[in-house]
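**Q** If you're matching them up, the sequences are chains A and B in order. Once you know that position 89 of the first sequence is 93 in my numbering, the rest is easy, because the numbers rise by one and skip nothing. Once you know that position 239 of the second sequence is 243 in my numbering, the rest is easy, because the numbers rise by one and skip nothing.
Treat each hint with caution, since some may be false.
Which copy is meant is left open, because identical chains are indistinguishable; a pair holds if it fits in one copy or across any two.
[As the list claims (entries may be wrong)] Capping the alpha-carbon separation at 30 Å, the derived lysine-lysine pairs in DSSO-like fashion look like this:
no.	residue 1	residue 2
1	K15	K282
2	K134	K280
3	K144	K239
4	K203	K134
5	K134	K107
6	K249	K203
7	K203	K280
8	K107	K249
9	K15	K249
10	K144	K203
11	K134	K144
12	K144	K236
13	K282	K203
Read the hints as simulated data drawn from the structure, not as lab findings. Keep in mind the model is a prediction, meaning the values are calculated, not measured.
There are 2 protein chains.
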Amino acid sequence: MPFEALEEASKKYVPLIDSAIFEALRGSPEELYRASAHLLKGGGKRLRPLILLMAARALGGAEAEPRALPFAVAVEVFHNFTLVHDDIMDNDDFRRGIPTVHKVFGVPMAITAGDLMFSLSFLSIFDAMKAGLPETYVNKALRTLAEAARKVAEGQAHDMLFERSWEVGPNDYLLMIYLKTSALIEASAKMGALAAMAKDEVVEAIGEYGRLVGLAFQIRDDILGLFGDPSKTGKPVYSDLRRGKKTLLVIYAASRSQEARKLLEEVFSGNYNEEKLKATADLIRQTGALNYAEELANSYSQLAIDKLVTLRERGYIVDEEAYEVLKDLAVFSAQRDK
Amino acid sequence: MPFEALEEASKKYVPLIDSAIFEALRGSPEELYRASAHLLKGGGKRLRPLILLMAARALGGAEAEPRALPFAVAVEVFHNFTLVHDDIMDNDDFRRGIPTVHKVFGVPMAITAGDLMFSLSFLSIFDAMKAGLPETYVNKALRTLAEAARKVAEGQAHDMLFERSWEVGPNDYLLMIYLKTSALIEASAKMGALAAMAKDEVVEAIGEYGRLVGLAFQIRDDILGLFGDPSKTGKPVYSDLRRGKKTLLVIYAASRSQEARKLLEEVFSGNYNEEKLKATADLIRQTGALNYAEELANSYSQLAIDKLVTLRERGYIVDEEAYEVLKDLAVFSAQRDK
């Protein structure tokens, strides 16, 4: 069975994470807190809190877990805040198979719920002090999350600006997904190490693992958005083409083939039918974009694993089970089919 | 000349605050950062950073100022983030005489700019460490801002829920304005004391001053929104009636007079002309709402001054000039005409 360590860890930790999350999302007025919990109740992979908890255990053992749990809540609540606001900006009606927050509660309440979730994610970090984490690590965790928050907003803006231009190359794209997606996964890994009271160079090394996993994860997301199996992804076929998203595959294809670029410009202007979508996807594949994206995701995944192996060789890994889960997470990010 | 100490301090400190703010609002992509700076470039009273700096100086002298300046940036950038999102929610086209952020940059960029400003406000706090503030005070300042952020979101939600109901009394209203407006002013005063490395009971006492000033300030805002002089406030006559805002005066009048409530329900459903607005305002005044609101604002202002006097009697005030500015700020909040 593939990703066995990951499956086991999910079964064990996701209920723990979720109960801590819903504990944190209590308050008044009730409607605001319901809006804040709405998307989180719809599920999700809990990738960020899992990476965080596994990094904490791998580097600090079981005793780091209670110190890491408030951080795990912080990164997942923060992540979901960005989804609530993204759904408003994209005017999306559904996510995780349920109506989006602004569809249920209206745009003003959804904006406010996102803002509340942002502040709750910072507040959650202070709970690690009650679990015995010294102030200096708490401050570093706060700073790590605040820096990631800045990057996420910058990445979101880059993504929006990309929509207006075809003068976007793979390097612009990689910076954008680092900021928008990968920075928070990097922060999650770092915060796990901080809960383990790891020294700075170890925090940086596991952060690099997180950064690479995040890049692989997002590139795989782009692949699935174009060539994924709708019965597994839960998204319509050629989903990203319909949405006009400038993904790595689209950018690569448009930079390699004038014909592909012309077709993509047409499709992205809303001029498409099912046949034209298929022709566009086929043409993108013919430019080598799929191979390129798969190889890039796999190479990031491998580099992430190398980071782990080095940490282990240098004696920083104290929990082999968590180490295996982190390895699984790296492979999963690049090869998942949903 | 009224508020002489305050005028002097504004002239001296606002340029200092503004240059630190615009220093903090630099980054890429440029359009995002321009959107984030837009409202701040439109002016504003800088009430929160002034209270913060004056609290720091009053309790810690001139040496506290460089440690307080990053906090001053934090509270003003945070405050303006809430304005950016509020303007989207209220679909307002103008603020401070300039078009709102979403009118210039579009809703998605404005939401993202607000989110960026939120993260930059937290990041600014860490700069106090470079100015020599020990980690434990930085930690407390971060927590103070995060708690205020939570309250502001809760207050915003209460305010929205009020719009749907007439079953709102003065106590509900006072809780709402404490959360939405006063909590951040309370936090500003506390963060000034933290920059001065004041002990906990002093931080709490000056926080109570800030809370009371915030309540007086918002009640005065309600008075000006109904009975203010448009040539001074820059808002249309009977502005809050046109906007259907459940202010203290409206809530008081509706709870005292069936006739006022009936008229208000009509006006708030959009059924009004200039004559009816004037009749409604006159009726509100006849219920005693204006007197009640003025007395309440003045009593909060006086209680705030009492807090300062007590701190001075106990020997905590080390800078008389800043102390006078704080007293001016308390009076100004309750009696300003713009």
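**Q** Does each hint fit the structure? Answer for all of them.
**A** To see whether the hints hold, each was checked on the structure:
1. With identical chains, the CA atoms of K15 and K282 are never at most 30 Å apart, being 38 Å at best within one copy and 65 Å at best between copies.
2. Taking identical chains as interchangeable, the C-alpha atoms of K134 and K280 are never at most 30 Å apart, the minima being 58 Å within one chain and 58 Å between chains.
3. Taking the shortest alpha-carbon separations for K144 and K239, neither the intra-copy value of 38 Å nor the inter-copy value of 45 Å comes in at or below 30 Å.
4. Taking the shortest alpha-carbon separations for K203 and K134, both the intra-copy value of 21 Å and the inter-copy value of 21 Å come in at or below 30 Å.
5. In the homo-oligomer, the alpha carbons of K134 and K107 never lie at most 30 Å apart, since the shortest distance is 37 Å inside one protomer and 45 Å across protomers.
6. Neither within a single protomer nor between protomers do K249 and K203 lie at most 30 Å apart by alpha-carbon distance, with minima of 40 Å and 53 Å respectively.
7. In this assembly of identical chains, the alpha carbons of K203 and K280 never lie at most 30 Å apart, being 54 Å within a copy and 69 Å across copies at closest.
8. Proximity of K107 to K249 under the C-alpha cut-off of 30 Å is found in both arrangements, the shortest distances being 22 Å within a copy and 24 Å between copies.
9. Taking the shortest Cα distances, K15 and K249 never come within 30 Å of each other, neither inside one copy (33 Å) nor across copies (49 Å).
10. Taking the closest pair of Cα atoms, K144 and K203 come within 30 Å of each other both inside a single copy (11 Å) and across two copies (24 Å).
11. When the C-alpha separation of K134 and K144 is checked against a cutoff of 30 Å, the pair qualifies both within a copy, at 16 Å, and between copies, at 14 Å.
12. With identical chains, the CA atoms of K144 and K236 are never at most 30 Å apart, being 39 Å at best within one copy and 46 Å at best between copies.
13. For the homomeric pair K282 and K203, neither the shortest alpha-carbon distance inside one copy (51 Å) nor that between copies (68 Å) is at most 30 Å.
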